[in-house]
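S.K.: Listed below, chain by chain, are the residues.
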Amino acid sequence: MTLKIGELKTDVATFRNLEIVLGRVEEEWEEPLGPTPMPSITSLRKWDYKLLSRYKPFYLPFCDLCCLCTFGKCDLTKDKKGACGIKMDAQQSRIVLLACCIGAATHTGHAREIVEFLIERFGRDYPLDLGDQVALEAPNIRLVTGIKPRTIGDLEEVLDYVEEQIAHLLASTHTGQEGNNLDFESKVFHAGMLDHVAMEVADIAQIAAFNFPKGDPEAPLAQLGLGVVDLSKPVILVIGHNVIPSVYIVDYLNETGLKDEVEVCGLCCTAHDITRYSDRAKIIGPISWELRFIRTGVPDVIVVDEQCIRTDVLDEAMKINAPLIAASEKACRGLPDRSNDPVEEIVEDLVSGRQKGVLILDMDKIGEVAAKVAIRLAPKRKKFKALPSVEEIVEEAKKCRNCGFCQKACPNSLPIPEAMARAKEGDLSKLADLYDYCIACGRCESACPSGINIITMMVKSSERRIKNEIFNVRVGRGPIQDTEIRDVGRSIVLGEIPGIIAFVGCANYADGGHELVEMAEEFLKRKYIVVVSGCAAMTIGMYKNEEGKTLYELYPGNFDAGCLVNVGSCVSNSHISGAAIKIANIFAKRPLRANYMEIADYILNRVGAVGIAWGAMSQKAAAIASGFWRLGVPVIVGPHGAKYRRMLLGRKERKEDWYVYDARTGKKVYVGPVPEHLFYAAETKEEAMVMAAKLCMRANDTTKGRAIKLTHYIDLYKKFYGKMPDDIHLFVRRLADIPITMKDEILAELKKKGWKETEIPDPTLIEELVRVKEE
Amino acid sequence: MTLKIGELKTDVATFRNLEIVLGRVEEEWEEPLGPTPMPSITSLRKWDYKLLSRYKPFYLPFCDLCCLCTFGKCDLTKDKKGACGIKMDAQQSRIVLLACCIGAATHTGHAREIVEFLIERFGRDYPLDLGDQVALEAPNIRLVTGIKPRTIGDLEEVLDYVEEQIAHLLASTHTGQEGNNLDFESKVFHAGMLDHVAMEVADIAQIAAFNFPKGDPEAPLAQLGLGVVDLSKPVILVIGHNVIPSVYIVDYLNETGLKDEVEVCGLCCTAHDITRYSDRAKIIGPISWELRFIRTGVPDVIVVDEQCIRTDVLDEAMKINAPLIAASEKACRGLPDRSNDPVEEIVEDLVSGRQKGVLILDMDKIGEVAAKVAIRLAPKRKKFKALPSVEEIVEEAKKCRNCGFCQKACPNSLPIPEAMARAKEGDLSKLADLYDYCIACGRCESACPSGINIITMMVKSSERRIKNEIFNVRVGRGPIQDTEIRDVGRSIVLGEIPGIIAFVGCANYADGGHELVEMAEEFLKRKYIVVVSGCAAMTIGMYKNEEGKTLYELYPGNFDAGCLVNVGSCVSNSHISGAAIKIANIFAKRPLRANYMEIADYILNRVGAVGIAWGAMSQKAAAIASGFWRLGVPVIVGPHGAKYRRMLLGRKERKEDWYVYDARTGKKVYVGPVPEHLFYAAETKEEAMVMAAKLCMRANDTTKGRAIKLTHYIDLYKKFYGKMPDDIHLFVRRLADIPITMKDEILAELKKKGWKETEIPDPTLIEELVRVKEE
Amino acid sequence: MKFEPYQTAEIPGPLKAIPIERPQTVAGIIRNAKRPIVIIGSKIFDVAPERTIRDIIEISREVGAEIVVTGGINRKFEELGVKEFRSMPAMELADRLRDPGWKGFDGKGNYDLAIFVGFRYYYAWLILSGLKHFSPDGFRTLSIEPYYQPHATFSLYNMKIDAWADYISSIKESLKRG
Amino acid sequence: MKFEPYQTAEIPGPLKAIPIERPQTVAGIIRNAKRPIVIIGSKIFDVAPERTIRDIIEISREVGAEIVVTGGINRKFEELGVKEFRSMPAMELADRLRDPGWKGFDGKGNYDLAIFVGFRYYYAWLILSGLKHFSPDGFRTLSIEPYYQPHATFSLYNMKIDAWADYISSIKESLKRG
Ligand code: SF4
Ligand code: SF4
Ligand code: SF4
Ligand code: SF4
Ligand code: SF4
Ligand code: SF4
Ligand code: SF4
Ligand code: SF4
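Residue numbers (the working numbering), protein chains in the order written: chain A, 31 to 805; chain B, 31 to 805; chain C, 9 to 186; chain D, 9 to 186.
Okay, chain A solo, but in the shape it has when bound (with noise of 0.2 Å):
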């Protein structure tokens, strides 16, 4: 990168015109730079085109039309074609890509607010020091870019890329752009890659600079649920994803000697990262505990930064009395701008209630504000700390006239009407039945003619058990260390430990959330590495055993086998794919610096890394997966992902889809359909515990690994479908494959299918990395 300055001027001199070649420092990374540094939107289409040859899109279109511009609305049903020319397919992978971009876009504006406040903050010469364990702290960055960064400041350069790549996909979404659903998908992969990196900004940054744990397998456990908040004190809600606000609260109250009278508490990524920097944060939930935790009237004042915030925040924080302060650009919720009053005054209006709330945008003044405002509201707030009665609800409940628009309105159509009934007559029982299949979203409450507080009774009628929510989550680790990725990488790669499970993504669950701790201790159990983040990490951490102890208390917290992993908030999902790259790169020393394509390739074949994100719901969740698509790490979601629109699957009885090269020979080896899918809608929680086992056999699986890797696959699959798999044949290789325990059931299967002994090759998809060309 090559720059032209006009003028240039120092301390030491003024030079014109001067040429700079803006370098990385070389003798700290001695690596050459990789064939695709900073790759463009098509330098990576091959490779992705690799992959969506095995992996075709199936679309489910969400709805027959496109409404994108003024040429429409038009309609798309089957073959036919909008006013542009475009089809169903194509429309529906750009709409992929669009929700992709946004969620690109999210990580990106929000990694761009972190490193342009942390170099005003500490300076652009901040080192990037991840700790003695950590070593290799971007992977991603160095993957894709080539850049190093040391310093918070590398990473503005890192940004840029980012944001002109994002610019240049968005256009691809306009009108008469791309056209064809395969090249967007490539896009999607791209948006994808580039999420991972901005995530990996925004994430080494506030590790960096906060000191956050840093890849410290004995994070502390932090409080976890709504009954974790101490009523007594006044309390303040932090809610978003951006930790900034939160953490000039933090240093307020410390500063201050406030830190033991006010709580602080949070919703979301914000509330993960609180805990990474105070010991004293506490976190409700994910956002599907938003509606309820503010309708117990709780908190006293409610702070917002951005991200996957409830847009009727204001509303909500009305009715308890509470005052709202906005902090994000990106969220102004329509307040009025204070950053440029006087504290006090702040303070005054939102205490007096003259205003309902503020959007502060000066970090300096969101601590105060909000701590003088909780503190002088609180004692005026009790009346409003409290839950209706029972009698109230029940005579809520008579409101209902049961005409069943509330549970046509609910995205998991649960039985409201019937459990209105029984709260009539004084049970609310049912109506405790539901909430731990709500995701509070309510839309229930949108849809009811009578203006029945469905949410508020559920809460109530659940009163006592949410007393005892009181639970745990191990704090954020952010990296995998170094030493740790030594240490596993072998037995990864050659699939004796039978795999890595990430449980990532948002709270819509289609079923509830101790769908995901079931998985997630199946998995422990079994000694998968069971690594997880965001809204995914807390629900996990919502069950406890019949000794009162959460997985997080059962498992450690290493990155090795039949440990539980919380790397944090949203954007420590970038230390998941960050963890496969660096086996790649640490374990196996493939090349990492700007060579993407290679890494991948390692990972597809060889990491048998799935991720489960069993309530994905948002953009961000959307491009988080398209990462790790691109890095060969398929995906499972629950049901409602259905309506991310596409899946990414594979055949595994096209024989033709599944073959390498054999990188010792250059010869084309069938190696089976692994991993089967790239990305698949479970229906239940049992599907996708089949599947995920599944999908962590990986074509350089050793013998020894695939028996293992099969024997957890059978074994999960006759434990839920009461039978052997009738695919047992397509992932056996040798007799060695074969589980011992399962030895003769097995061969008798192999024998019906007329099973033969295939190679097990050196594998890659990529005709450069064959070592001897085939003559």
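Mixed in with the good hints, there may be bad ones.
Claimed, not checked - Which stretches of chain A does chain B cover? Using the computed rule of at least three CB atoms under 8 Å from a CB of chain B, they are:
| # | stretch |
| --- | --- |
| 1 | 64 to 72 |
| 2 | 114 to 122 |
| 3 | 125 to 133 |
| 4 | 466 to 474 |
To be verified - Below are the DSSO-like pairs computed for lysine-lysine, each with C-alpha atoms no more than 27 Å apart in a straight line:
| # | chain 1 | residue 1 | chain 2 | residue 2 |
| --- | --- | --- | --- | --- |
| 5 | A | K108 | D | K42 |
| 6 | A | K748 | A | K734 |
| 7 | A | K685 | A | K782 |
| 8 | D | K116 | A | K682 |
What the hints contain is simulated information worked out from the structure, not anything from laboratory work.
Glycine included, C-beta positions come from ideal geometry on N, C-alpha and C.
With chain A held as given, fit chains B, C and D with the ligands onto it using these hints.
M.R.: Here is chains B, C and D with the ligands on its own, set in the frame of chain A:
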């Protein structure tokens, strides 16, 4: 902006850890930095809120639902909230923002490609020389960013800023981010402002580097229409918006002496831009001519770059056996990437038909491949260069079962079944009649269960007239000269030139393009300054008067009363906003640099400019319009423009909405509803003309100026409505405002309404611009 | 197809116009309105036979409804001999209709039933959508176009022009009969 | 409401399932299929009374349709005493159904009528949408869920569980009668 560089290697020396201040060269631009350099999302929120409190959004939801995340679909009917809490008003503005982000990103990506490309070809130092008459070369860039770009390399920093902001804006559309409709609208304005910056970057870079006309009022005329192509020569058709591949085609033909042997013709903005580069290039028409022209079979090879290209162009090209060359990463269209293959191989594959299309991203190869393929194919393609015979058309018509699906699918509800019935009987006249009202979108064909080629039939039915479609358009002249601004600035600001009417945007006409011509002519005759660009500029050239002259031949190309100025392609729209800005700066000496609010306030209150985007279709058009709004320039769209889902309407009878500060005294003064709306979809051209005349009135009009503007408004109103408008009393401030010729009539009106004289202030909406504070 | 949107792709959402099969019912809706207003678009002369236009005018007179023509068709309207009508761009009018504080053309307050006829399908479609979502409670829209307009509160259905003319005429008769 | 999507916001578009009021018609559709397949989702036990599940199985047997259960409900299914059924994740199955080249479970080629029952509303909604848009000509889907599923080719309508159970039983009877 400060940059920290690890190691700095130049020919001169090696520096380590040098801190560099990237600044502009100060001596060339003495103007101090204004208050809002590189404004962030909220920097101009205050201004936006002022506009939005006058011009309130009226949403016209295209659908009751939101389907943007897997929490959905959500029913947002009336007061219902989505699962994220959002309500319909915010949701609609969110979709508008999404469209504007796409639009702005499209121009930005386009600009980035041009700048990158030109830097590679001409070097970063290539001067941005727009000619002697254009010293103020980059009004939008200077106004918004505070940067005065001297070389093409300087534009990179501008784009970095724009890309960063787009990422933030796009992030705001994420689920649970911005939730207030006015804040979304403020972000829409921001996107629009960025869009004009990006367009300006693209256009001044290409003007300077490719030596396009530099504000030349006497830019030559270029041929336009379906009839202009010399059928005896091989024909290369270029489609899109990014002229670079076309430049390479022209260069190749010039260098190889083939320029007289091969026809190069274009569709959409690439056509505009290639005529700015080559005096031999021809324009077929706007996007709505794309299917028509391809169906004639004339093009021998089709080269597509980016934006507004039918996504089914490959299918259409295949129908006429013409190969397709795609030339943009953003629109790969599923084609094999042949960028790295030898030219001859590619040519061979295309000529032989082995490949129907290729992707070539190496510009050096494109010219050669396109030319060679065209020359070799032309003789072979003779038989494809003809429309079906009349008999064949009649046969085709007989397949019609009069089901009416075509008409129901047609955006303009054209009576195709009727025309088919007549065609069956051999009478093609009804089919020919549709030609003028059809936008050739192809939806009828898609809907037709009999697979009838309706468009081909319409084209054939109009064959004779199409042969005579030989029109012209003045080649895009680019910016308005500084001297022109000096010359007309006073007359515009004082209102003596009744207004600037800009016809911009796409060809999605509800009732035929001739309406646009009628409107343009009306205002030209009335001595308005008429400015045109993009598809609209083409449409306006597509009609001749009785003497066979187009408006371009009848009216001169100066920026002056009664002149017709074609600025150029879509990205040249920045010169229209640029002209308004220049009036404020060059004529009125308002500080320009990073001084957005004052300049916009100036334009809103003083510069009687109105945009008419009669066929606005795209997301780009949405972004362009938004940029005008923030600058205080109202935009009128045609009926299909209602599908942008949101109007910005003033309420003339609400007196309280129409106060300004008198900058001399600080007093709040009522100035009447000027301009009355910011965004408005007219139902008919008559309505649009009356409205445009009315919207030219501004608070600062002198009495003489107001009298002139009123004359036109009243005159047009009478012409179309047959009576006096009933709101004149709102626009007459003093007796001297009354046009002499209508004095009695108007006085009678005024009396009826109880009119009283009001003041004419030095108008501003910005308190800070008040010179003497009111006590 | 009768109760489907006339333009194929114009699928509205869950809340759709109540389609009205009997002209008498339409007459009832109009009669029961306190302050009806009739809004006639620029396409009226392309769509409606003259007798239908006259019927619509009579309907308005019968219930004392204000007539507003949009899009600049005033002259043609006057040619029909109609004098008492207002004119205003449709978007401006719609913007006022959604405002409970608007005083109406006669200063007596906003209207409670807006009757639409004579518009491009999609243009009315969008205006009706705006009014459906953003108008005050109690405000209703009635489309008497010869097709189904799903965003209205009440709508006729897709029919041929002749049948429509008869339908409109029946509304008139029904109103006259009281 | 009978023929409206069961979940409020799930508005599909112009091409909507033909709602079938009479069980006999459904029986006819099934009988006329050359290669029907019955796909039973994981929610079947939550929704359907046992007699209905047994009816569905009998319907399949009557016409020799392959039964596929999805989502891992095999065990429960076996508890009903059913033996001959396949199992496959619904997405995988749908992906194959859209492929004219798929050979089916028995190797005899793809199916021409896919009968869906027992799914979450939106999950089937999306799968049916995928099949509606991307399946080969001649392939049809039939939803026999107790509500209207607009993306299917044919669908029942929104009804109470008892009425539905009777409806399904009538299909069976009708098929048995031949
Ligand atoms: S983008 Fe294409 S399909 Fe979508 S509305 Fe516009 S013209 Fe129709
Ligand atoms: S809040 Fe709970 S019960 Fe209500 S609609 Fe949402 S998920 Fe269903
Ligand atoms: S929508 Fe309200 S009134 Fe209707 S059933 Fe549900 S709770 Fe009862
Ligand atoms: S794509 Fe979404 S917003 Fe557009 S019509 Fe379909 S459901 Fe409505
Ligand atoms: S963005 Fe909000 S309204 Fe839209 S689908 Fe998601 S939750 Fe529903
Ligand atoms: S091509 Fe013309 S006639 Fe056909 S649908 Fe489009 S505008 Fe209507
Ligand atoms: S859709 Fe085709 S068959 Fe039907 S009326 Fe139109 S042209 Fe005739
Ligand atoms: S004016 Fe509109 S349609 Fe025409 S080229 Fe520009 S954006 Fe495309």
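S.K.: It remains to establish, for every hint, whether it holds in the given structure.
M.R.: Cross-check of the supplied hints:
1. Remark: the stretch 64 to 72 of chain A is confirmed as covered by chain B, as 3 of its residues place a Cβ nearer than 8 Å to a Cβ of that chain, reaching the required three.
2. Check result for the stretch 114 to 122 of chain A against chain B: holds, 5 residues qualifying (beta carbon to beta carbon below 8 Å, three or more required).
3. Coverage of the stretch 125 to 133 of chain A by chain B holds. Counting CB-CB distances below 8 Å, 5 residues qualify, and the rule asks for three or more.
4. For the stretch 466 to 474 of chain A, the proposed coverage by chain B is satisfied: 4 residues have a C-beta within less than 8 Å of a C-beta in that chain, meeting the threshold of three.
5. For the proposed pair A/K108 and D/K42, the alpha carbon gap of about 23 Å is at most 27 Å, so the pair holds.
6. Restraint check for A/K748 and A/K734: the C-alpha separation of about 21 Å stays at or below 27 Å, so the hint holds.
7. A threshold of 27 Å between alpha carbons decides the hint, and for A/K685 with A/K782 the separation of about 18 Å falls inside it, so the pair holds.
8. Simply put, D/K116 and A/K682 have alpha-carbon atoms about 18 Å apart, close enough for the 27 Å limit, and the pair holds.
When each numbered hint is compared with the structure, no violation occurs for any of them.
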